[in-house]
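Visitor: The lines below spell out each chain.
There are 2 protein chains.
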Amino acid sequence: MEKYLGIDLGGTNVRVAKVLENGEIIEDIKRPSLAEKGKEAVVSNIIEMLKSIKDYKECQGIGIGVPGPVDTKRNVMTMSSNLPGFAFYNFADTLSDIFKMPVYLDNDANAAGLAEALVGVGKGHSIVYYITHSTGIGGALVIDGKVLSGKNGYAGEIGNLIIDRDRQKYNHLNAGAVETEAGGLAIARIGKEILGDKIQSAKDVIDLAYSGDSKALKIIDDMAYDLAVAMSYIGHVVDPDIFVIGGGITNADDLYFGKLADYYRSLVHDGMKDVLIKKAILKEPGITGAALLTKSRR
Amino acid sequence: MEKYLGIDLGGTNVRVAKVLENGEIIEDIKRPSLAEKGKEAVVSNIIEMLKSIKDYKECQGIGIGVPGPVDTKRNVMTMSSNLPGFAFYNFADTLSDIFKMPVYLDNDANAAGLAEALVGVGKGHSIVYYITHSTGIGGALVIDGKVLSGKNGYAGEIGNLIIDRDRQKYNHLNAGAVETEAGGLAIARIGKEILGDKIQSAKDVIDLAYSGDSKALKIIDDMAYDLAVAMSYIGHVVDPDIFVIGGGITNADDLYFGKLADYYRSLVHDGMKDVLIKKAILKEPGITGAALLTKSRR
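For the protein sequence lines, the chains are X and L, in the order given. One point on numbering: in the working numbering, the residue at position 119 of the first sequence is 119, and numbering is uninterrupted. One point on numbering: in the working numbering, the residue at position 27 of the second sequence is 27, and numbering is uninterrupted.
Everything labelled a hint here was simulated from the structure, so no lab data went into it. Hints should not be assumed to be uniformly reliable.
Chain copies aren't distinguished; within one or between two, either way the pair holds.
[What the hints assert, rightly or not] 16 Å max Cα-Cα, derived EDC-like pairs, lysine to aspartate or glutamate: (1) Lys73 <-> Asp144; (2) Lys273 <-> Asp71; (3) Lys73 <-> Asp241; (4) Lys198 <-> Asp71; (5) Lys3 <-> Glu27.
Take these sequences, add in the hints, and give me the full structure.
Guide: The structure is reproduced here in structure tokens:
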């Protein structure tokens, strides 16, 4: 079975792993990413970590998941708020020269989606749409085992989909963007507005909903509807075989997946109602998907 | 240069053509489609037309554009309101047996999009999103010369995208669907509401707007914004290299393409603003694209 090196590079931590073609993680190292020390320090750190992996030379390639949009043709990030200096910085070629193997870069949500499509719950399906339902909301479109990154690496920036144009604008996203209405931060904000200062996080709202609080249940119900509206857009554009939904909020799947599916089906054509909507199953989709970039793109 | 047979099958008329690989139409026949006489009559008619094409045997395959969603794996329509009896009716195999060449079926909007991507204004671009802006609104996603049809053939059913959930529901589409707010029928309806019974069609509104009527100009401006909202959804899902917009309303392109582009750019991330938004250029995208299905899918 082929083996790949995967790097999950975040603003705080970086992970490096050796991963089998079937998604199994053989070896795994985690360190601070040293983003504050500058890009050269970040890359030196990664090189050291890669070299410390046992038998790293037997791997077929290196895949890197990064926190921002990527131009996959030029193998560079096009925007980088969490990793200063990384926009248009080509460190893939540096790694490729040192390790004598191909290096592939992609957005972390795209990497996670690829993992779920290749070795997770999306396995065997032709068109997989992956959604991270977490603090924010992101997505990835995987067609026949390949991620569609888009012209500028912005395919999957679904947090910015407007689900109701009459809502308030909160940040750089559109007014009424699904992320600012149905993401984790949004649930915390709405919870505080409606339930008061006892709410500090999305989890507080979810816990109250589980206890049967009607106001908290209403917040979760609205969240499910708003997310379903955004999913109906994705459905009409790509008509996927399966939606795979991962991220922290999906720990409360029994609270909202049923409603989400019902609302989705109410918003699409009859012939589209048989789509699968499933919870992600991989424990480590980010690092797994980064490693599988080589399998997907080589 | 390779040659293909193309069939543009509508509820009223059917066209059959011999088309060169570069999109040039060599020979072209049009007849009533005989939909009211039943599916066997429709197919017999098509067989006759194909056989009357000079040197039809030298063609590499037959492509058929049909007015409804298609399961491209099974080569059948999955829904057919304009061609009674054609849902799940496999006439592609019948034609393939008779003409001893491959036969490919796809939705007519997908065929038109494929034509613009391969030999029209989208030529040379990797991700082309084609929109028909006509009586209704439809779309097609073409990635590296191949149409994404989706699980059930519903990819591109963008007329159903909700651009404002607070509007009225008019037909089988969602309340606030872009087709019922920015399509040709919608412009006629809104025109009549605002400008009175002198408005009979979208063209009447457009003519008034050209003459400088401020109410008509406002209707066109709202239409451009609503269409831009739907395009922003497509942009965040697939981040195309180019939007190609065809259909009857684009005859008024100088009236609204500038606004459309400005509104689109105001609704997407900074890194996505360099997308191209162009008017379709092919005179006969439907029949050309049907013929090119063989080139794309063989």
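Visitor: One pair to classify: Lys73 and Asp144, alpha carbons no more than 16 Å apart. Within, between, both, or neither?
Guide: between (19 Å within a copy, 14 Å between copies)
Visitor: Measure nothing new, just compare the shortest in-copy and cross-copy C-alpha distances for Lys73 and Asp241 to 16 Å and report within, between, both or neither.
Guide: Between copies, since 13 Å is at most 16 Å while 27 Å is not.
Visitor: Using 16 Å as the alpha-carbon threshold, which applies to Lys198 and Asp71: within, between, both, or neither?
Guide: neither (43 Å within a copy, 52 Å between copies)
Visitor: Quick one: Lys273 to Asp71, C-alpha cut-off 16 Å, is that within a copy, between copies, both, or neither?
Guide: For Lys273 and Asp71, only the inter-copy Cα distance (15 Å) is at most 16 Å; the intra-copy one is 34 Å.
Visitor: Tell me, please, which holds for Lys3 and Glu27 at an alpha-carbon limit of 16 Å: within, between, both or neither?
Guide: Intra 11 Å, inter 55 Å, cutoff 16 Å: intra-copy only.
When each numbered hint is compared with the structure, a violation occurs for hint 4 only.
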